[in-house]
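Everything in the sequence shown is counted per the numbering used here, starting at 1 for the first residue and increasing by one.
Heads up, a few of these hints could be off.
Said to hold, decoys possible - SDA-like cross-link-like pairs, simulated, lysine to any residue; straight-line CA separation at most 20 angstroms: (1) Lys-69 with Glu-81; (2) Lys-69 with Phe-79; (3) Lys-83 with Pro-93; (4) Lys-83 with Ser-94.
Worth flagging that the hints you see were computed from the coordinates, not collected in a lab. Remember, predicted model here, so these are calculated numbers, not experimental data.
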Amino acid sequence: MEIKLFTNKNRRKHGNKINPAFYWYAVLSGGIILALTAFVFSFYLFQSINTEATVPAGAPGAEAKAVRKERIDKALDYFAERKNISRDIIISPSTLVDPSL
Numbered sequence: 001m002e003i004k005l006f007t008n009k010n011r012r013k014h015g016n017k018i019n020p021a022f023y024w025y026a027v028l029s030g031g032i033i034l035a036l037t038a039f040v041f042s043f044y045l046f047q048s049i050n051t052e053a054t055v056p057a058g059a060p061g062a063e064a065k066a067v068r069k070e071r072i073d074k075a076l077d078y079f080a081e082r083k084n085i086s087r088d089i090i091i092s093p094s095t096l097v098d099p100s101l
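Given the sequences, and given the hints that come with them, work out the whole structure.
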């Protein structure tokens, strides 16, 4: 008497195999689409930045209109104030912290 427990060929599933080539093509296609989208977006961004107002080379006083003296003075005052604050921080003695408390 022969016992054949695991020889039933009906247990095999023939149509449910995973096809890795399909997923590879899907990932590759998604990467290419993402790269092209990034290229188009960066080109659009470059074009929008490139067309901003520029100062004409031959116009007298155009530099004064593009960069105002008040803005430069305001920026210089800000950095001078930060320099003074940083110097005060460096000069001041550090506080001692007692770890036993």
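- Return the numbers of the hints above that this structure violates; sort them in rising order. Failing hints: none at all.
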